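Residue numbers (the numbering used here), protein chains in the order written: chain Z, 11 to 334; chain U, 3 to 252.
Check each hint, because a few of them may be wrong.
Where chain Z lies over chain U, by a calculated footprint (3+ residues, C-beta under 8 Å) [claimed, not checked]:
(1) 122-130
(2) 200-207
(3) 220-226
Hints in this document: simulated from the structure, not taken from any laboratory.
Bear in mind the structure is a predicted one, so any value in this text is a computation, not a measurement.
For glycine and all other residues, C-beta sits at the position ideal for the given N, C-alpha and C.
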Amino acid sequence: MSTILAVTECRDGKLHKTSLEVVSQAKALSEKIGAGVVALVIGSGISVESASLGEYGATKVLVADGQALENYQPDLYKSIIIEAIRQNSAEIVLAPATAIGKDIMPRVAARLEAGMVSDCTKILVQDHTIQAEHPIFAGKAFALLSVNSAVKIITLRPSVFDAIQTNPGVAAPVEKVGLPAIEIKVKTREVKKTGGNKLDVADADIIVTGGRGVRSAENFKIIEELAACLNAAVGATRAAVDSGWRPHEEQVGQTGKVVSPNLYIMCGASGSIQHWAGMSGAKCIVAVNKDPNAPIIERADYSIIGDLFEVVPALIEEIRKIRG
Amino acid sequence: MKILVLVKQVPDTEATIRISGDRKKIDEAGVKFIVNPYDEFAIEEALKLKESGAATFIVAVSLGPDRVKEALRTAVAMGVDDVLHLKTADLGMDGLATAQLLSESIKEIGFDLLLMGKEAIDDGNMQVGPMLAELLDVPCLSVVTALQVNGASVVAEREGDGCAEVLEAQLPCIITCQKGLNEPRYPSIRGVMLAKKKEIAEKIVQSANHTVSVESLSYPQARQAGMIVGEGAAAVPELVKKLREEAKVI
Ligand SMILES: Cc1cc2nc3c(=O)[nH]c(=O)nc-3n(C[C@H](O)[C@H](O)[C@H](O)COP(=O)(O)OP(=O)(O)OC[C@H]3O[C@@H](n4cnc5c(N)ncnc54)[C@H](O)[C@@H]3O)c2cc1C
Ligand SMILES: Nc1ncnc2c1ncn2[C@@H]1O[C@H](COP(=O)(O)O)[C@@H](O)[C@H]1O
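Turn these sequences into a full structure, and let the hints guide you.
Here it is as structure tokens:
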């Protein structure tokens, strides 16, 4: 039987939510092609929850745990992943398209001469070939790509695939894997937390974005307040970032982050094509804009025409009412 | 120090994308092409390193059909010393094939530092940099927002998820550039004149073995038309009701 390897991601020793999406998708695919699902967990001080990946469909969990893996280290990750692929004769390798996934998986692909599809939004099995859909031209089109190499590597766009607990109560057997003794070419000197404990736009179910219409860094307080009462992350347009009101890590769009939240609220942002490229995957879009002719009004699910400095405070009040 | 910069030519971010009749590629008629925005950061960083005395020579390389010579002219106009067009008719969307084609020629040219974009905005792959690093067996620091070259050692800040990693490696190495690294300059008038006259060397490259091939291209599903809930603060209760009961998102 062939194997699908699901490469997961840990942050601070805990599985990141994209891990469950990747394992769930591996499980869904395994049912179509009749394969086992091996999950690989890499990190330092990994907690026992790894076994719970069985609930999402993993038949075995490999754990590479060590001090040297406290921070992302490309040389070590590469060796560990390649070894796991070889040992398990994995034919398909899925990983999250996170900052780590985007850096490590092309390296693995090049070493194994494996075809790779990045940031995949859908996987199909068509006449025994694996086909993966990938957004191109910043979401203006999609390419359906078939992967023809012996090993096939696919990274999954976060928040697009559902995490499904198919086997509640099932714990997968955990196997430790050793760390390779190899030359480290890239040394990590320091890791600076940039967002503090702030929720990252890439991880958030709800995002409240402010644009040029917010007019100053100071005025962003009301955007932060609305985000806080919705447990949402704050996002920004490039206009807001370039004006120095918000940090680049909050920028959504073609030259920022691509997000797929359940709810995306845009305040004082016009909905430029480059911003749209980052957020068109949102399930529900709300616009607050004083201009009824702003491009976003045509595309948002719900719009309020009005001054954001009146609408946003009213929205905060209304949400507090219902959320207590 | 010799710097090699990779430049891809891509459709303008504002361009309307039309899929060709066979649904395998896009229709290029009327499309304006530009230098991939992330590759502009790479060109700018190379120029800054030369101005500071750290670098001596900058070569820009582009792989693609004849039109990519225009992108190389932009690089000359910005200030690179030399350019090379690696000519191939079919680029495809296969990152590995692109990396393999590029690596063959790059081995011949040689470099101390290879600067390139973190991502091409047409295929959005984010693959070629780290793949090239493996094929050339050199370190790669990707998605870099700050760079320092001290002799043979390179210190870079890489953008992670919610963090910035400060990384160190030795030359020769590859850096993939992210927004924030610098502000790309506009070509000078003198540069533009120079670029017009520049003879662009070309080398024909064999097409690589594809591991990923295009089945079909499609447009995104149209979103259902939305609605204007109302005007001003008065519309807020209705909006919240719709978000709870209709969209069920809060
Ligand atoms: C290569 C390239 C890459 C780019 N990448 C990105 C990217 O990643 N992300 C991105 O966002 N942009 C990007 N841009 C920039 C993009 O083209 C737009 O300039 C930008 O998105 C506009 O931001 P905005 O909507 O905040 O500002 P504007 O377009 O100026 O819109 C402001 C809106 O606020 C409304 N408004 C003003 N005051 C109020 C008020 N008091 N109440 C309510 N509404 C109000 C106005 O009606 C207007 O619609 C890129 C551009 C290029 C060329
Ligand atoms: N055909 C090409 N010619 C030159 N450079 C390229 C080409 N394709 C990709 N690159 C470089 O690789 C980077 C990443 O591309 P990609 O992996 O396709 O997103 C780009 O920003 C370019 O610097």
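query: Which of the listed hints are broken here?
result: 2
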